[in-house]
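S.K.: Note that the protein sequences, when read in sequence, are chains A and B. The opening position of the first sequence corresponds to residue 27 in the numbering used here, with each subsequent residue numbered one higher. The opening position of the second sequence corresponds to residue 0 in the numbering used here, with each subsequent residue numbered one higher.
No wet-lab data here; the hints were simulated from the structure. All C-beta atoms in this analysis are idealised placements derived from N, C-alpha and C, irrespective of residue type, glycine included. Mixed in with the good hints, there may be bad ones.
[As the list claims (entries may be wrong)] Derived DEER-like restraints, expressed as beta-carbon distance ranges: (1) B:Gly93 - A:Asn111: 55 to 61 Å; (2) A:Val76 - B:Val155: 51 to 57 Å; (3) A:Arg110 - B:Trp158: 58 to 64 Å.
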Amino acid sequence: MRWLAVKPMDLLLWGAALAGLLALYACLWRPAAQAATLTVLLDNKPVKEVGLNQNQRFLVSGPLGDSELQIEGGKVRFLHSPCRNQVCVHHGWASHNGELLACLPNRIALVLSGDAESTHEAGHGEIDAINF
Amino acid sequence: MTSATLQDRQIAGFAALAVVIHILEASVPSPLPGVKPGLANVITLIVLWRHGWVAAAWVAGLRVLVGSLLLGSFMTPTFMLSASGALASIVVLGLTSWVLGTRRPWSPSVYGYALLAAWAHMAAQLWMAWWLFIPHDGLWRLAPVLLMASTVFAAVTGWAAAKVLTWLAQQQERPC
Numbered sequence: 027m028r029w030l031a032v033k034p035m036d037l038l039l040w041g042a043a044l045a046g047l048l049a050l051y052a053c054l055w056r057p058a059a060q061a062a063t064l065t066v067l068l069d070n071k072p073v074k075e076v077g078l079n080q081n082q083r084f085l086v087s088g089p090l091g092d093s094e095l096q097i098e099g100g101k102v103r104f105l106h107s108p109c110r111n112q113v114c115v116h117h118g119w120a121s122h123n124g125e126l127l128a129c130l131p132n133r134i135a136l137v138l139s140g141d142a143e144s145t146h147e148a149g150h151g152e153i154d155a156i157n158f
Numbered sequence: 000m001t002s003a004t005l006q007d008r009q010i011a012g013f014a015a016l017a018v019v020i021h022i023l024e025a026s027v028p029s030p031l032p033g034v035k036p037g038l039a040n041v042i043t044l045i046v047l048w049r050h051g052w053v054a055a056a057w058v059a060g061l062r063v064l065v066g067s068l069l070l071g072s073f074m075t076p077t078f079m080l081s082a083s084g085a086l087a088s089i090v091v092l093g094l095t096s097w098v099l100g101t102r103r104p105w106s107p108s109v110y111g112y113a114l115l116a117a118w119a120h121m122a123a124q125l126w127m128a129w130w131l132f133i134p135h136d137g138l139w140r141l142a143p144v145l146l147m148a149s150t151v152f153a154a155v156t157g158w159a160a161a162k163v164l165t166w167l168a169q170q171q172e173r174p175c
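So here's chain A without its partners, still in its complex pose (with noise of 0.2 Å):
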């Protein structure tokens, strides 16, 4: 069975694929963080950058009239909004890196970015993936 014999050159690069597989998953699986700053789009330029941290109520006007934002507690959601079908009602809180909430009747995108933990990490505030 000299066919099956495993070589040493075989394991180099099993041992070589499998560390790439955990450098792999460690690189580009990191679990999403906690964000530090909101930004408020209005038919997608920002107007309004706050800092997640400090618990608040605010007004923005689109379109449609005013949409009413509440942050607490790292959070921020659509507490009121004009539009007809309240989807950005419902959709509730984002408190994540990288998360998005959107009113698209009001023309309102609410972006999260940066780490609360570590603001110095390299990339911070990129958005890397978005779904829904």
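Let chain A serve as the given structure and place chain B on it in line with the hints.
M.R.: Chain B in isolation, oriented as in the chain A frame:
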């Protein structure tokens, strides 16, 4: 017109086998796009071992072309991915067998070659998918999962190729 040589016939035979495996495999549902066992690569490995790299490249190329024509996926995204994967794996197999050989003390066995082929196949597919179809960096998050599947299936194809090669060697040693 020159007539087909023995090697031509062998390549055609192996390619036919690979095409059959390719098509059977295409009918098996897959949990994730891009994940499939790649058992047709067993044939590529066997040909690489017994008939050299040129024959293996022919078999892999014919398999992808004929397989896509029979499945009706020629020039579709599926074909692009499959062709880029096959091309990358045959290039990697060629470079490795050229540098390290197949039967020297420091050359990998079929297990090593199966792994190299599977990873090259998956990496090329993923890059192609990113370059042509989904140019979003979020796609790279699939890399660990897809490469893990490749690794598992590489063990399966390596084992199958080793089994067949052993059997073929035994058949040859036995006087008819």
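S.K.: Please go over all the hints and tell whether each is borne out by the structure.
M.R.: Here's how the hints hold up against the structure:
Separated by about 58 Å at the C-beta atoms, Gly93 (chain B) and Asn111 (chain A) satisfy the suggested range of 55 to 61 Å. In this structure, Val76 (chain A) and Val155 (chain B) meet the distance hint of 51 to 57 Å, their C-beta atoms being roughly 53 Å apart. Between Arg110 (chain A) and Trp158 (chain B) the Cβ separation comes to about 60 Å, which falls inside the hinted range of 58 to 64 Å.
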